[in-house]
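Colleague: The whole structure should be built from the sequences, with the hints applied where relevant.
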Amino acid sequence: MAVRRKSTLDAYHKKRDFGSTPEPRGKRERPSEKPRFVVQMHHASRLHWDFRLEAAGALASWAVPKGPTLVPGERRLAMRVEDHPLDYRNFEGNIPHGQYGAGSVIVWDRGTYELFEGTSPAKEIEKGKIKFILHGEKLKGLFTLVRIKPREGESGEPWLLFKDRDEYAKTSWDITRHSRSVKSGKTLDEIGRDPTSRTWQSRRASRYAAAPLAKTRRDPMPRLKGVMLSTLVREPFDDDDWLFEIKWDGYRAICTIDEKGTMTLRSRNGLDLLKRFPQAAGLAQAFASIPIEVDGELCCLDSRGRSSFQKLQDAAKTKAPIVYVVFDVIYADGRDLRHEPLETRKALLEGLIRDDDLVLYSKHIVGKGKEFFALARKRGLEGVVAKRRDSTYEERRSKAWLKIKAHLEQELVIGGWTDPQGTRAGFGSLLLGAYDGGKLIYAGNVGTGFSEERLGELHAALKELARKTSPFAQGDVLRGAHYVEPKLVAQVRFAEWTRDGLVRQASFLGLRADKAARDVVREIPA
1 MAVRRKSTLD AYHKKRDFGS TPEPRGKRER PSEKPRFVVQ MHHASRLHWD FRLEAAGALA
61 SWAVPKGPTL VPGERRLAMR VEDHPLDYRN FEGNIPHGQY GAGSVIVWDR GTYELFEGTS
121 PAKEIEKGKI KFILHGEKLK GLFTLVRIKP REGESGEPWL LFKDRDEYAK TSWDITRHSR
181 SVKSGKTLDE IGRDPTSRTW QSRRASRYAA APLAKTRRDP MPRLKGVMLS TLVREPFDDD
241 DWLFEIKWDG YRAICTIDEK GTMTLRSRNG LDLLKRFPQA AGLAQAFASI PIEVDGELCC
301 LDSRGRSSFQ KLQDAAKTKA PIVYVVFDVI YADGRDLRHE PLETRKALLE GLIRDDDLVL
361 YSKHIVGKGK EFFALARKRG LEGVVAKRRD STYEERRSKA WLKIKAHLEQ ELVIGGWTDP
421 QGTRAGFGSL LLGAYDGGKL IYAGNVGTGF SEERLGELHA ALKELARKTS PFAQGDVLRG
481 AHYVEPKLVA QVRFAEWTRD GLVRQASFLG LRADKAARDV VREIPA
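Residue numbers (the numbering used here): 1 to 526.
Worth flagging that the hints you see were computed from the coordinates, not collected in a lab. Keep in mind it's a predicted model, so treat the numbers as computed, not measured. Virtual Cβ for every residue (Gly too), placed ideally from N, Cα, C. Honestly, I wouldn't trust all of these hints.
Only pairs whose alpha carbons sit at most 20 Å apart, straight line, appear in this in silico SDA-like list of lysine to any residue [stated by the list, open to error]:
(1) K311 x L455
(2) K515 x E452
(3) K403 x A526
(4) K170 x L160
(5) K149 x D355
(6) K370 x E235
(7) K439 x A473
(8) K463 x Y483
(9) K311 x R454
(10) K463 x R493
(11) K515 x L488
(12) K127 x I290
(13) K311 x E452
(14) K370 x V233
(15) K127 x A288
(16) K131 x E152
(17) K468 x G426
(18) K487 x S267
(19) K225 x D295
(20) K370 x K403
(21) K363 x D239
(22) K317 x L509
(23) K515 x E235
(24) K66 x K138
(25) K370 x R389
(26) K319 x A281
(27) K463 x L488
(28) K403 x R234
(29) K225 x D258
Derived Cβ-Cβ restraints for the label pairs, each shown as a range [to be verified]:
(30) R479 x R234: 30 to 38 Å
(31) L115 x K439: 18 to 26 Å
(32) R522 x R46: 54 to 62 Å
(33) R354 x G101: 29 to 37 Å
(34) D258 x A516: 21 to 29 Å
(35) G118 x K378: 44 to 52 Å
(36) R354 x R479: 54 to 62 Å
(37) K149 x R46: 42 to 50 Å
(38) D241 x E152: 50 to 58 Å
(39) R424 x P150: 33 to 41 Å
(40) R522 x G475: 16 to 24 Å
Modeller: Here it is as structure tokens:
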């Protein structure tokens, strides 16, 4: 929810006694052609940096405990404070004991800035996110400020300040090596010992480091060769280097929105999911920044908030509401994020969600995998996914992401069918298989989980794929069976694998249009 605040100096005035403090009361100033910024290093009760941007005739201000950084990917907590007058940008001196913010202040950096997105700084701040290019003496290039949700019981208005990746980013930058004022050349200690610094001087600054930024590079949007897939393991585990998420049961989907707002929604095998699920069209306006590329799962939720693959199958026809559960961001804010740590990517992703009805952020817990898995099993969920907190985004199956299933489920290729028995129409069961070394190996059959409507639809599809010979490496697997070209992929739930490598007590959940048949292999836990 947007926090609306007028650009006013009332709060600033109420907190100060201008008969005692040398800080400026504030005077009328015409906005400059290029908006200005200042960062003031301030040692009050604690050391912090005050980050201020000219907006709507005042200085919108944030207190940054650790100070700004030029290291890309490092996020700094920035607490929004009251607006300050424009002439405060030149203030350097000592605020007397007993006054609000008592302590020493230096002008740590200053210059001009320009918006990277939008046309009004005040409007961008009100929306909860502002991207800008700084032309300072210490800080240069593209930065972002984004409002985040306060923690339970936390007062104030928390934001995050971070440096975007461009030619001015420095991975080894250390703020402690830049401790002098750009106005006087003095440190905080020197200002504190200087008796003449108690009086604020309103002289106009002689210069700004406003050298134009020749080019702020944007990374090209990546062309993914594949999505990051998890490796199946048998047991849950506890480890503080890992985070744990719910395993969602839907269609894996990459959502890409370009600079013009044009969206694509593709499955892991390139299927156009927007064509299949037109109710997902609202995703084009669901994120606070474009261009963007997000990884997630298209799901249908039941009355208890659990994902249901069977409901998703029906939603393709009924156009029932769906939700896009997002768990990773690949590209945002002009940056290719694949080499950033997972936790950094997830923190950014959560702040980019604008429509939380259509988009659901996949929350996680850290370390406590066994407890989380037990809860998932108790609530009837498919399982959990464990991910290394520092993992980069790999476009393949990886052991940095692990899945632990609460119920055995497997994608299997349909290789044929049997005749129905009794009053049942269509077929009796589906013959299933998985590839091993390029050969389709028989893996059993499934005869439950079909509605009458589904039986008819599947039987029609099977007859179109009919062939005379068995596609299985073993040849004829059942007497009187009918065989098909192995192109359809079924999702089945089952009790166990037998010693012969067959599924036991299998139940049909639906067809997987998002996975190629040749990619289906038997999943064996590592």
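Colleague: Could you check the structure against the hints above and give me the numbers of any it violates, in ascending order?
Modeller: Per hint list: 2, 10, 16, 23, 31, 37, 38, 39 violated.
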